[in-house]
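Enquirer: Sequence:
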Amino acid sequence: MSNDYVMHKGIASRQAHVDVPEGTFEEEHGRDGFFGPVSHLYRTHRPTDWTRIEGPLKPQSFDGNKLNTKNEPLNRMALLQNSDVVLHIAKPIESMSYFFRNADGDEVYFIHQGQGVMETDFGPLFFKPGDYIVIPRGTTYRVLPETADNFFLIVESFSQIRQPDRGMLGLHGLYDPAVIQTPSPSPIDEDGMEWEVRIKRQNAYTSVFYPFHPMDVVGWKGDLSVWQLSIHDICPVMSHRAHLPPSVHTTFLAKGFVICSFVPRPFESAPGAERVPFYHRNIDYDEVLFYHDGQFFSRKGIGSGMITFHPQGIHHGPHPGAAESAAQETKTNEVAVMVDTQKPLMVTSEAEAIEWADYHKSWQVT
Numbered sequence: 001m002s003n004d005y006v007m008h009k010g011i012a013s014r015q016a017h018v019d020v021p022e023g024t025f026e027e028e029h030g031r032d033g034f035f036g037p038v039s040h041l042y043r044t045h046r047p048t049d050w051t052r053i054e055g056p057l058k059p060q061s062f063d064g065n066k067l068n069t070k071n072e073p074l075n076r077m078a079l080l081q082n083s084d085v086v087l088h089i090a091k092p093i094e095s096m097s098y099f100f101r102n103a104d105g106d107e108v109y110f111i112h113q114g115q116g117v118m119e120t121d122f123g124p125l126f127f128k129p130g131d132y133i134v135i136p137r138g139t140t141y142r143v144l145p146e147t148a149d150n151f152f153l154i155v156e157s158f159s160q161i162r163q164p165d166r167g168m169l170g171l172h173g174l175y176d177p178a179v180i181q182t183p184s185p186s187p188i189d190e191d192g193m194e195w196e197v198r199i200k201r202q203n204a205y206t207s208v209f210y211p212f213h214p215m216d217v218v219g220w221k222g223d224l225s226v227w228q229l230s231i232h233d234i235c236p237v238m239s240h241r242a243h244l245p246p247s248v249h250t251t252f253l254a255k256g257f258v259i260c261s262f263v264p265r266p267f268e269s270a271p272g273a274e275r276v277p278f279y280h281r282n283i284d285y286d287e288v289l290f291y292h293d294g295q296f297f298s299r300k301g302i303g304s305g306m307i308t309f310h311p312q313g314i315h316h317g318p319h320p321g322a323a324e325s326a327a328q329e330t331k332t333n334e335v336a337v338m339v340d341t342q343k344p345l346m347v348t349s350e351a352e353a354i355e356w357a358d359y360h361k362s363w364q365v366t
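If you read the sequence shown in our numbering, its first letter stands for residue 1, the second for the next number, and so on.
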């Protein structure tokens, strides 16, 4: 049952995430991934203080630093997937000798490590760590890295990637549209040799060969393009009085999932305000976090380049000691990318090979 008014029973806080009753742990039980009806439960034990878990449903973590993708098609490897989205890791060590066109869906590249140039139909884009690059379905492109230690998170979406409605935040909320980069045409005249365009459609590959360079566009106009946004240009939505849900950090939307960006921000400073994420059980969304940079204060044992996966139905929240550590600081310094999906994600065998098998035990007090 959901109501148009809020009920209040037993020992409970008057304001969510503020003045949590002593001796209790607050859990948020909500629908629609923080967008729907919600209640807060005040427990006398942490909901993550399990003794063991039997069965397939458990929090998981994967170390992307251990992944080798150089012998994979397109130098990428799928780790988590459903019918709406696939999450890949790519670690190219050299420039692509062919061009690629994804006829199955849009792509969002997040540059974790490395820099270089992405040649596209619309023109070249120069990339560096922290950049998002949104590539519309059907765009022809190739990646020309200038470094050897390249590490990209690629989110492949089978629906169009969109920006969220900023609503009452205004046009410049989250980020100023002026910081978005779009490419200018830079046609390449290199005839006299054969060029390959490799097209993916329904996970099958077709190669089309041309006697001229595919990047021969001299101009373009319209409102569909490759575009680039640095995570460092994002201005986080926050309140000094109460911890806000992850949904306020939504950067991209698509059918069945959202992409959120966590960037440094001041901690909540009002008396009684909780400073760490609240316990919750992800009723309607699977949650994936890719850790890019900084100190991940609510997770112990997690470092840059690692991934956590918290599936629907089972609790997660801050590790023991996280609240005490946060109390000693004035701001966060973590940079991370979150992908929340409505449909359950399947873990691939490639992901299982780099799993931290005891991650679900990391909430235990030692």
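Hints are computed from structural coordinates only; laboratory data are not their basis. From a predicted model like this one, the values you see are computed outputs, not experimental measurements. For every residue, glycine included, the Cβ atom is placed at its ideal position computed from N, Cα and C. Be aware that one or more of the hints could be misleading.
As the list claims (entries may be wrong) - In silico DMTMM-like links for lysine to aspartate or glutamate, alpha-carbon gap of 20 Å or less:
#1 Lys58 to Glu94
#2 Lys70 to Asp165
#3 Lys66 to Glu94
#4 Lys9 to Asp19
#5 Lys343 to Asp19
Stated by the list, open to error - Derived CB-CB ranges, DEER-like:
#6 Asp32 to Val218: 28 to 38 Å
#7 Glu190 to Gly303: 34 to 44 Å
#8 Asp284 to Val218: 43 to 53 Å
Enquirer: All hints are to be evaluated individually against the structure, with a verdict given for each.
Expert: Right, here's what the structure says about each hint:
1. Lys58 to Glu94: Distance ~37 Å between Lys58 and Glu94 Cα, so the pair is violated.
2. Lys70 to Asp165: 38 Å, violated
3. Lys66 to Glu94: 19 Å, holds
4. Lys9 to Asp19: Given pair Lys9, Asp19 holds - Cα atoms ~16 Å apart, limit 20 Å.
5. Lys343 to Asp19: 34 Å, violated
6. Asp32 to Val218: 28 to 38 Å: At roughly 46 Å between Cβ atoms, Val218 and Asp32 fall outside 28 to 38 Å, so the hint is violated.
7. Glu190 to Gly303: 34 to 44 Å: 42 Å, holds
8. Asp284 to Val218: 43 to 53 Å: The hint (43 to 53 Å, Cβ to Cβ) holds, given that Asp284 and Val218 are roughly 47 Å apart.
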